[in-house]
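Participant: Knowing the structure of chain A, use the given hints to seat chain B on it.
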Amino acid sequence: MKPRVAFFDFTGCEGCQLDALNLEPDELLGLLGAVDIVNFREVRTDRSDEYDIAFIEGSITRESEIARLKEIRERAAVLVALGACACTGGINCMKNAYETEELLKGVYGDCAAYYDTIPTRPADAVVKVDAYIRGCPPTTTEFVKVVKSLLLGKKADLPNYPVCTECRRAGNICVFQRGGTCIGPVTRAGCDALCVSAGRFCWGCRGLVDDPNLDSEKDILARYGLTIDQILEHFRIYNSCTEATQCQK
Amino acid sequence: MPENSVLIVDADPGARETAVWLKGSGFRVASAATGEEALNLIDNQDFSVMLLDLRLPGKHGLGVLREARVKRPWMQTIVTTDHPSVESATEALRQGAVDYLVKPVSPQDMATLLKDTIKSAARQRPAAIQIKAKAAPTKLVPQASFVISRDSLKRMVDTLAGEREAIGVVARQGKYVYDRVEGFEDVTLDYDVTVNPPTAFLIPTCETILKYRMGHSPEITPITDTTPRVLIGVHPDDINAINLLDEVFMTNNPDPNYTARRENTLIIGVDVITPQPASFAPSMGAHTAETGYDLLLTDIGNAGYMVTVGSETGAETLARLAQVREPTPAETARQKQLRDEALSKYRLFLDMPRDKIPNLLETNYDNPYWLARSEACLNCGSCIMVCPTCFCFDVQDDVSLNMVDGERIRKPDGCMLVDFSRVAAGANFRGDKLSRFRHRMYHKGKYILDRYGKYGCVGCGRCSITCLAEIASPLEAYNAIAASEKTRDKARRTVTNTRPQPELYLPHLATIEKVTPLSPREKLFEFRLNDGNKLGHRPGQFVEVYVFGIGESPISLTSSPTRDHTFEVAVRNVGNVTGALHRLEPGATVGIRGPFGNGFPLEEMEGKDILFIAGGIGIFPLRSLIQYVLDRRDAYGHINLLFGARSPAERVFADDMQEWSQAPDVTFLETVDRSDDSWTGNVGVITTLIPKVQFDPRNTVAIVVGPPIMYRFVINELKKRDLADDNIIVSLERKMKCGVGKCGNCQINNVYVCQEGPVFPMTRLRTLREAI
Chain A
1 MKPRVAFFDF
11 TGCEGCQLDA
21 LNLEPDELLG
31 LLGAVDIVNF
41 REVRTDRSDE
51 YDIAFIEGSI
61 TRESEIARLK
71 EIRERAAVLV
81 ALGACACTGG
91 INCMKNAYET
101 EELLKGVYGD
111 CAAYYDTIPT
121 RPADAVVKVD
131 AYIRGCPPTT
141 TEFVKVVKSL
151 LLGKKADLPN
161 YPVCTECRRA
171 GNICVFQRGG
181 TCIGPVTRAG
191 CDALCVSAGR
201 FCWGCRGLVD
211 DPNLDSEKDI
221 LARYGLTIDQ
231 ILEHFRIYNS
241 CTEATQCQK
Chain B
1001 MPENSVLIVD
1011 ADPGARETAV
1021 WLKGSGFRVA
1031 SAATGEEALN
1041 LIDNQDFSVM
1051 LLDLRLPGKH
1061 GLGVLREARV
1071 KRPWMQTIVT
1081 TDHPSVESAT
1091 EALRQGAVDY
1101 LVKPVSPQDM
1111 ATLLKDTIKS
1121 AARQRPAAIQ
1131 IKAKAAPTKL
1141 VPQASFVISR
1151 DSLKRMVDTL
1161 AGEREAIGVV
1171 ARQGKYVYDR
1181 VEGFEDVTLD
1191 YDVTVNPPTA
1201 FLIPTCETIL
1211 KYRMGHSPEI
1221 TPITDTTPRV
1231 LIGVHPDDIN
1241 AINLLDEVFM
1251 TNNPDPNYTA
1261 RRENTLIIGV
1271 DVITPQPASF
1281 APSMGAHTAE
1291 TGYDLLLTDI
1301 GNAGYMVTVG
1311 SETGAETLAR
1321 LAQVREPTPA
1331 ETARQKQLRD
1341 EALSKYRLFL
1351 DMPRDKIPNL
1361 LETNYDNPYW
1371 LARSEACLNC
1381 GSCIMVCPTC
1391 FCFDVQDDVS
1401 LNMVDGERIR
1411 KPDGCMLVDF
1421 SRVAAGANFR
1431 GDKLSRFRHR
1441 MYHKGKYILD
1451 RYGKYGCVGC
1461 GRCSITCLAE
1471 IASPLEAYNA
1481 IAASEKTRDK
1491 ARRTVTNTRP
1501 QPELYLPHLA
1511 TIEKVTPLSP
1521 REKLFEFRLN
1531 DGNKLGHRPG
1541 QFVEVYVFGI
1551 GESPISLTSS
1561 PTRDHTFEVA
1571 VRNVGNVTGA
1581 LHRLEPGATV
1591 GIRGPFGNGF
1601 PLEEMEGKDI
1611 LFIAGGIGIF
1621 PLRSLIQYVL
1631 DRRDAYGHIN
1641 LLFGARSPAE
1651 RVFADDMQEW
1661 SQAPDVTFLE
1671 TVDRSDDSWT
1681 GNVGVITTLI
1691 PKVQFDPRNT
1701 VAIVVGPPIM
1711 YRFVINELKK
1721 RDLADDNIIV
1731 SLERKMKCGV
1741 GKCGNCQINN
1751 VYVCQEGPVF
1761 PMTRLRTLRE
1771 AI
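The listed protein sequences correspond, in order, to chains A and B. First residue of the first sequence: 1, per this note's numbering; consecutive thereafter. First residue of the second sequence: 1001, per this note's numbering; consecutive thereafter.
To be clear, the hints were calculated from the coordinates, so they are not data collected in a lab. Beta carbons: idealized from backbone N, C-alpha and C, even for Gly. Just to be clear, a hint being listed does not mean it is correct.
For each label pair, taking beta carbons as the anchor points, the in silico distance ranges come out as [stated by the list, open to error]: (1) B:V1685 - A:K2: 47 to 53 Å; (2) A:K2 - B:L1584: 19 to 25 Å; (3) B:T1226 - A:A67: 55 to 61 Å; (4) B:T1688 - A:S197: 57 to 63 Å; (5) A:L29 - B:P1707: 45 to 51 Å.
Same shape as in the complex, but just chain A (with noise of 0.2 Å):
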């Protein structure tokens, strides 16, 4: 029998799955043939409880969400964190900087009242993960690879290193010779270095490399004319759940 996966979404835009739907038709086709989609908001409206894959997409921002997530955790037997807020917390974790009632109030004024929500965290503060798709949104080649990787038994081979290392095989210009500044130094790999690629610079989705070398990033970005500030804003958009970057407020 094929293993059963389903998709959940939590707090978030919802990309990542359109993402997932994104690949290449033959691909498509050979993940359909390999497993059965049983739970897919974006593409069917029937749903099933039985499943063996679980991936998460979203952050957990509100109490019900967590009772929810530790449910599909009992069910599924693999339980897999897709995309940046999935993995991190992403960008909703940039909430965190603030207090949540003088949040809520900012943004819904008289109204706060009537919204649930709590510091924004990422799946695996809530449940055990096993695997990480990282990356808002992932490449379809990684979601790929960590699929056939479940599939075959193994963990997937997902590297840790800095951006700068695929963005140096991909032949780019480095951003800071470009008169421009990037967190690809600190952040995990395994996009390609795509944002650079195509002439921006790394916003840090995918997180941060296991022990990545804050001291000397803020260094070099501070020797590149950004201040404290600037700096924390910059690692903030995507790093602000990482107890690296809490520490520095």
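Facilitator: Only chain B this time, still in chain A's reference frame:
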């Protein structure tokens, strides 16, 4: 060869009539109505000029032109047509036509044009013929230089770009990069340095080395890239880097993938006019190149370029596609002057002759500089990714979603990345910034030199340009270290076979005969090669076991070659490959590469007493040697066998141990670190067993295999018993990925554990820091 001989190729009889007119003007003329007819004539007869119409029955004019250029490189071709187009004109010139005429052309004009063409061809001809004459007897043309005009160079490059994948230097965002080019117009020849090295096209960022199809009898197909390529505008420092890569990949286990790519790559070098300020190529002796290019250009101004021939292929290319002449003495002087001027523009220098670097490093291993500078390292890998001499790689397995087809790919990897030396159970032999940073500097200045006879740095400056932490420059590091000098050990460098072995990365198929559980985490696998051959290993060697779709893992051989036609490996389940292997059952097929490594020194051990010391799964590789020694019992003296396990539950091979303890003239002692109710034997770490055995230190060889932590303590204990380093032999673990001394993952300093190890005498390790 007949002078003034003309071949007219035209389907139109009227056009062929031109022959009559031309004969009157002193030409010898032949004509052909079809391309095939023309090519037949060219086969048997030489012509000065061919007048070629594009519209022919059968083969198109451009096709005739292409083939004619190969058959008679010297023949000048003028294309004529009454259906002119920009496309056909460009293509004709790209294919090497000297002119493109729109009909009609008056016979008088035609005669004048032909005379001029023949005259200019004759002027250029002698020099070019000379190249051919020189090329024939020896493999390399000795540095002959000629002058090539810009136009002729353009035509040559454009033609090459039509025939091959062309890679050249192009300007981008104020910097320069190597990229695909369509022709000469795209290429920059005056640049300081490129962001990416040209070697990225010899060791690509992602390369398939084999494809497979799983199933009952898996099929494996080796993949090599033989695309003809030309690299245009390579600086001498990068040419020197390519020379190093040739040494690494084309001697000692020649690499089929690199060799195929290299042999199909034409290299057109160019002298540096304006060096990059970060470059220190002259200090590394790399600002000029003697070999490694096919052609080397020097821009000498209005006259065009000086072109130096570096290879037979270079000579042939020039003869086929270019018009060159002998340089005048003034032009030769100009070339030298330009080179001297370029040399005077370099700003960074080593403070010592470069042959002092290895000694400097030898005596400064503990210099505080390494720690201080490495603090800022981001582990970002930029320095090694832009380096033209870095060649280490990683190999990964990629299976299709059909779970049947797959491929093995390799991509650049290297010592500055955190996981490069991490082994299966999580130990990392270069786990801190200091050791990675220092390793790279030693690699560039010493280890590669020791191993390949060439420095691992050509002074291009790319690493220091790209390093945001500003710590990557080897020049700065070497200059910063003040040092006394000592004589260094010259590492033995032996070059054996030099033909690539296509099967180097191809596993042999093997079937699992038997699986025996040893412990909850460990199993013993018995394999038989599907081709019926014996593995032919020595005790102490290892094989790469490949589970299709998962990957490869180095595993020590556990059985003696004296025992059976099959071979055994014992495997602890710690990672992807070992986990997948544990899920397989008898009858399943795996891939086996090897045996690799040097094995135990069986001959040197003969006649001596032997002290075996095995900690934990160190017994796995040692079992092959114990079996071997017991099977050839008369060749060896008394045997002491000490075995330590963490707990009684982790003891393995109990039946074997029973057998060993009862063998003649064997003392067998066993201990566990932590006891339980079932255990009545010794308790304590393995070092506590050593005082309990008797041996004569002058005639005993100790073989020690166990976890890294064990070595230091056991060796200290053996030294207390007066055992000399010569008589202590260990087997080391490292991340062995390719098994053939190429990928670099397993290296300790300049030693590749997969080739020179995993078995080492302690005498060797004394000079090998980072080993234990």
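Participant: With reference to the structure, classify each hint as holding or not holding.
Facilitator: Hints versus structure:
1. B:V1685 - A:K2: 47 to 53 Å: holds, 50 Å
2. A:K2 - B:L1584: 19 to 25 Å: The hinted range 19 to 25 Å holds for K2 (chain A) and L1584 (chain B), with Cβ atoms some 21 Å apart.
3. B:T1226 - A:A67: 55 to 61 Å: Between T1226 (chain B) and A67 (chain A), where Cβ atoms are some 60 Å apart, the hint holds.
4. B:T1688 - A:S197: 57 to 63 Å: holds, 60 Å
5. A:L29 - B:P1707: 45 to 51 Å: Given about 48 Å between the Cβ atoms, the range holds.
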